[in-house]
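Chains as they are written, first to last, in the numbering used here: chain G, 1 to 558; chain Z, 1 to 558.
Derived by calculation from the structure, the hints in this document are not laboratory data.
Any copy, or any two copies together, can satisfy a pair, since identical chains are not distinguished.
Straight-line alpha carbon distances no greater than 27 Å define the calculated DSS-like cross-link-like pairs of lysine-lysine that follow:
#, residue 1, residue 2
1, Lys125, Lys408
2, Lys154, Lys125
3, Lys125, Lys235
4, Lys367, Lys548
Remember, predicted model here, so these are calculated numbers, not experimental data.
2 protein chains.
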Amino acid sequence: MTKFTIGIDFGTESARAVLVRLSDGAEMASAVHAYADGVIDEHLPGTSIRLDPDWALQNALDYVEAVRVTVPMVLAESSVQPEDVIGIGIDFTACTMLPVTRTGVPLSALPEYHDNPHAWVKLWKHHAAQPEANKLNEIAMERGETWLSRYGGKISSEWFFPKALQILNEAPEIYDAADRLIEAADWIVWQLTGVETRNSCTAGYKAIWSKEDGFPSPDFFAALHPRMRHIVQDKMKEQILPLGARAGGLTEEMARATGLLAGTAVAVANVDAHVAVPAATVTGTGRMVMIMGTSTCHMVVGESPAIVPGMCGVVEDGILPNLAGFEAGQSAVGDHFAWVVENCVPASYQAEADARGISLHQLLEEKAAALEAGESGLLALDWWNGNRSVLVDVDLTGLLLGATLATKPEEIYRALIEATAFGTRVIIEAFEENGVPVRDLVAAGGLPERNRLLMQIYADITGREIQVVATTQAGALGSAMHGAVAAGSAAGGFATIEAAAARMAHLKEETFKPQAETQEVYDRLYREYVILHDYFGRGANDVMKSLKALRAEVLAQR
Amino acid sequence: MTKFTIGIDFGTESARAVLVRLSDGAEMASAVHAYADGVIDEHLPGTSIRLDPDWALQNALDYVEAVRVTVPMVLAESSVQPEDVIGIGIDFTACTMLPVTRTGVPLSALPEYHDNPHAWVKLWKHHAAQPEANKLNEIAMERGETWLSRYGGKISSEWFFPKALQILNEAPEIYDAADRLIEAADWIVWQLTGVETRNSCTAGYKAIWSKEDGFPSPDFFAALHPRMRHIVQDKMKEQILPLGARAGGLTEEMARATGLLAGTAVAVANVDAHVAVPAATVTGTGRMVMIMGTSTCHMVVGESPAIVPGMCGVVEDGILPNLAGFEAGQSAVGDHFAWVVENCVPASYQAEADARGISLHQLLEEKAAALEAGESGLLALDWWNGNRSVLVDVDLTGLLLGATLATKPEEIYRALIEATAFGTRVIIEAFEENGVPVRDLVAAGGLPERNRLLMQIYADITGREIQVVATTQAGALGSAMHGAVAAGSAAGGFATIEAAAARMAHLKEETFKPQAETQEVYDRLYREYVILHDYFGRGANDVMKSLKALRAEVLAQR
Numbered sequence: 001m002t003k004f005t006i007g008i009d010f011g012t013e014s015a016r017a018v019l020v021r022l023s024d025g026a027e028m029a030s031a032v033h034a035y036a037d038g039v040i041d042e043h044l045p046g047t048s049i050r051l052d053p054d055w056a057l058q059n060a061l062d063y064v065e066a067v068r069v070t071v072p073m074v075l076a077e078s079s080v081q082p083e084d085v086i087g088i089g090i091d092f093t094a095c096t097m098l099p100v101t102r103t104g105v106p107l108s109a110l111p112e113y114h115d116n117p118h119a120w121v122k123l124w125k126h127h128a129a130q131p132e133a134n135k136l137n138e139i140a141m142e143r144g145e146t147w148l149s150r151y152g153g154k155i156s157s158e159w160f161f162p163k164a165l166q167i168l169n170e171a172p173e174i175y176d177a178a179d180r181l182i183e184a185a186d187w188i189v190w191q192l193t194g195v196e197t198r199n200s201c202t203a204g205y206k207a208i209w210s211k212e213d214g215f216p217s218p219d220f221f222a223a224l225h226p227r228m229r230h231i232v233q234d235k236m237k238e239q240i241l242p243l244g245a246r247a248g249g250l251t252e253e254m255a256r257a258t259g260l261l262a263g264t265a266v267a268v269a270n271v272d273a274h275v276a277v278p279a280a281t282v283t284g285t286g287r288m289v290m291i292m293g294t295s296t297c298h299m300v301v302g303e304s305p306a307i308v309p310g311m312c313g314v315v316e317d318g319i320l321p322n323l324a325g326f327e328a329g330q331s332a333v334g335d336h337f338a339w340v341v342e343n344c345v346p347a348s349y350q351a352e353a354d355a356r357g358i359s360l361h362q363l364l365e366e367k368a369a370a371l372e373a374g375e376s377g378l379l380a381l382d383w384w385n386g387n388r389s390v391l392v393d394v395d396l397t398g399l400l401l402g403a404t405l406a407t408k409p410e411e412i413y414r415a416l417i418e419a420t421a422f423g424t425r426v427i428i429e430a431f432e433e434n435g436v437p438v439r440d441l442v443a444a445g446g447l448p449e450r451n452r453l454l455m456q457i458y459a460d461i462t463g464r465e466i467q468v469v470a471t472t473q474a475g476a477l478g479s480a481m482h483g484a485v486a487a488g489s490a491a492g493g494f495a496t497i498e499a500a501a502a503r504m505a506h507l508k509e510e511t512f513k514p515q516a517e518t519q520e521v522y523d524r525l526y527r528e529y530v531i532l533h534d535y536f537g538r539g540a541n542d543v544m545k546s547l548k549a550l551r552a553e554v555l556a557q558r
Numbered sequence: 001m002t003k004f005t006i007g008i009d010f011g012t013e014s015a016r017a018v019l020v021r022l023s024d025g026a027e028m029a030s031a032v033h034a035y036a037d038g039v040i041d042e043h044l045p046g047t048s049i050r051l052d053p054d055w056a057l058q059n060a061l062d063y064v065e066a067v068r069v070t071v072p073m074v075l076a077e078s079s080v081q082p083e084d085v086i087g088i089g090i091d092f093t094a095c096t097m098l099p100v101t102r103t104g105v106p107l108s109a110l111p112e113y114h115d116n117p118h119a120w121v122k123l124w125k126h127h128a129a130q131p132e133a134n135k136l137n138e139i140a141m142e143r144g145e146t147w148l149s150r151y152g153g154k155i156s157s158e159w160f161f162p163k164a165l166q167i168l169n170e171a172p173e174i175y176d177a178a179d180r181l182i183e184a185a186d187w188i189v190w191q192l193t194g195v196e197t198r199n200s201c202t203a204g205y206k207a208i209w210s211k212e213d214g215f216p217s218p219d220f221f222a223a224l225h226p227r228m229r230h231i232v233q234d235k236m237k238e239q240i241l242p243l244g245a246r247a248g249g250l251t252e253e254m255a256r257a258t259g260l261l262a263g264t265a266v267a268v269a270n271v272d273a274h275v276a277v278p279a280a281t282v283t284g285t286g287r288m289v290m291i292m293g294t295s296t297c298h299m300v301v302g303e304s305p306a307i308v309p310g311m312c313g314v315v316e317d318g319i320l321p322n323l324a325g326f327e328a329g330q331s332a333v334g335d336h337f338a339w340v341v342e343n344c345v346p347a348s349y350q351a352e353a354d355a356r357g358i359s360l361h362q363l364l365e366e367k368a369a370a371l372e373a374g375e376s377g378l379l380a381l382d383w384w385n386g387n388r389s390v391l392v393d394v395d396l397t398g399l400l401l402g403a404t405l406a407t408k409p410e411e412i413y414r415a416l417i418e419a420t421a422f423g424t425r426v427i428i429e430a431f432e433e434n435g436v437p438v439r440d441l442v443a444a445g446g447l448p449e450r451n452r453l454l455m456q457i458y459a460d461i462t463g464r465e466i467q468v469v470a471t472t473q474a475g476a477l478g479s480a481m482h483g484a485v486a487a488g489s490a491a492g493g494f495a496t497i498e499a500a501a502a503r504m505a506h507l508k509e510e511t512f513k514p515q516a517e518t519q520e521v522y523d524r525l526y527r528e529y530v531i532l533h534d535y536f537g538r539g540a541n542d543v544m545k546s547l548k549a550l551r552a553e554v555l556a557q558r
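Just chain G, with the same shape it has in the complex:
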């Protein structure tokens, strides 16, 4: 008897449920629900309370509503019987966190806290905790905290403890009222099962947890703020469950709401990018998964948690059980190409694209594809939004070199594609130099679907074969796979994520292989890229920072 699981991918604007067949990973049905309050970045809903520019909140109740809406839809659309759905898995944006009561009620849902912005979910892209992140990094440096090196030497303002500290600094009454501070990922699993669990992925990548050392010490937290000394013991959970573990069974209430059976296995939570790794067929070392969109997230697993300079993080059990999960990142990839399209393409190109009924991206890709490697004479540094890996420096900015009066927009477009590929190669080489092999690549996300030139250039520049994930819903599929592992083989699921991946995950047949001749040209360009990368990125010439500082001064005097 064929069994099924449901994966729910909680994104920034909406959640998507996919009902998947375990025998082959086929997507039987899919449903999307947009959050009613969306991204809250101007006013608190139902109030005139304004938010500062760097804020980004959400309403936790929207997540529950998304489950109530989408699960019945995929059941209905697929005509699958509830008893054949043996598991549920979810993945979430992260760090997206909220303060709740001991029973899991979001503080924002309580009338007495509704009008306090700090009672609401802080979305991953809430950037208002930068002062707290700066303080945290400073203290960690001073104290010589060894965990800093696991995160490229810098904790992001997007992560858990800067956000928690911001609550404590700005709204101590909310900090006090919060019995728990929790990732939304873990919170939604709590809502589904009635059991509070914490997963190794968000704990490791966003909350400085490691399997060996646990969380940072009470002394560190006390140095950050005296009242934070026992934050882990008081408001979190020290027990962290590995990915694929069963968090619990579906509650009676959620069973009624969704049409599923009570007791259906629910996997512990996961993060959208990380859960895509097994959905990309990758369950072992040597293959790097790139989730490519506006930015790129690179994930690879290794036998042991080596320190690789400039990563976003290394976490045991963070991506796959019993393996060290490495995450690196490029803070802008597709965003570069969108910048060209929005700013650097003349009206004549727009007219040509319109006449042919194609997008400017398609037109530029076509024109760029007609160029040879090295033909434009251009070389760029892909730092239009700073550099995450391996330099971990948000103050770096973009560089375009080699322009002549004959330089065309498609040449700039191609140079930026190449620059992001050179950036990826720097990351790959950092992994390999530190004992984490990267033999080939698997691409997921929106970009690889749309841009074949991009894939070929990445293959030629990295010198590695690239395959593309078969599904466009790698997050939801990966979650469904974890749901199947949580259900276990006895119930018709799988004993391990490897077993699930072997049946459910697929790559497209097409493969992008490095072309020897082009590779040779790109090797030469890469050497030049590295010289510029190190010159501007490692302190020899800090002009990018000087310009940014000058800009800030000028704007402040305005």
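With chain G held as given, fit chain Z onto it using these hints.
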């Protein structure tokens, strides 16, 4: 009794005659005539003989025709009597040169040579003599020719002897048939007067002549090509006349053709940019004239011919009599801004400009003017067409640094304006460091007329006051002034160019003064500019050359 002179400015596409009143420099009438054969860069006129891509020829007879057409027009339009026109001066593009017979007949006008491209005028922008220029520079270096340092260490392929050598290499029969090789500037004066003269400006700036040392030695020429040993003695003229000298009187034939009196004084020839210096009121040291258009030509005079590294040339009597004339250049200025407009401005801007009935340049200037110095965070190297002064390196290319996802087209536009101003400041500082003072600036040409933001940025970045020449026809006015000097004070003209300038040349009243606060910001940016300028321009990182070389390889294999 008020007297008049006529200045004729021979440009690339057309010639313009202006009839000027000597008492105040007022332009009484003006007439333009486009050359029938224009710039010949595809086929020889009346034949199917194709020209190679770097070629650019002209038909010498077009120049005479322009005189025959325009002079009667200005006489008629102004109603000035021929006896009140006491002199003629001309200026020309240079080096624009041709082979002629002993009596001055262009070889291209002789049926037996008509179909040989080398018989025609080689226009200034004929670039096919690059191999000859390379050889000339190599031999000059080997021989330690001291004159090389007067030209920034490099003789351009546009200049006289590379072009002459190309004729000898590729068409020895034309070289043999040419009794004279001559600048078109001197040739048209010969046509007007019946007297062959050579002027100090083209001889000095384009034919390696100096007042002290004359032309390069026969040994040098022999090393270049055995048959060139006596090129100066055989095909040129060793006697060089200073600017403002009387070449001769108008011939009977040209008098009949133009309506002027025979014997009317004709000044020796001049070059368009250089003749603009007295027309910009500058007759002494300390003021630099910038002729700003697609490129910029910088001219300043000094007491003695110091060697300033990276100049286009230093020539005694080259701009003004008894002074050392220094010429520097930026190979692209307005061309940078045109590149942005053509390549880097989105359709939405085009629509805005169209709706408001203004040009994209005007729109970008307006948007760029709303920015503060330093606000964009951008810094560029203005090398989209290489760097003439002070690096003398055509293989340098453009650089844009500091881009972010928020960077706008007007910020790039402004950064390129600023970059060209930084480039001018490098030139000014090179002059001053070598004992040639530059206290303030006078701008002429098309750009200063159109772009007030540009003028203010140049004032702020150079820290010098800038005035703009009153006339848009500085070339023709300067020629008319030289015509008045050639006529002499006894005839109602002037004894010296200083006296002519005092009466005839004017600046606009508006002046652009450096603003202290902005200047401070630009001083900081300039220090960063110089670091990048030296890093990429003086050999520390030759990436621009590597990219150009790679590009050439790739294209060659295509």
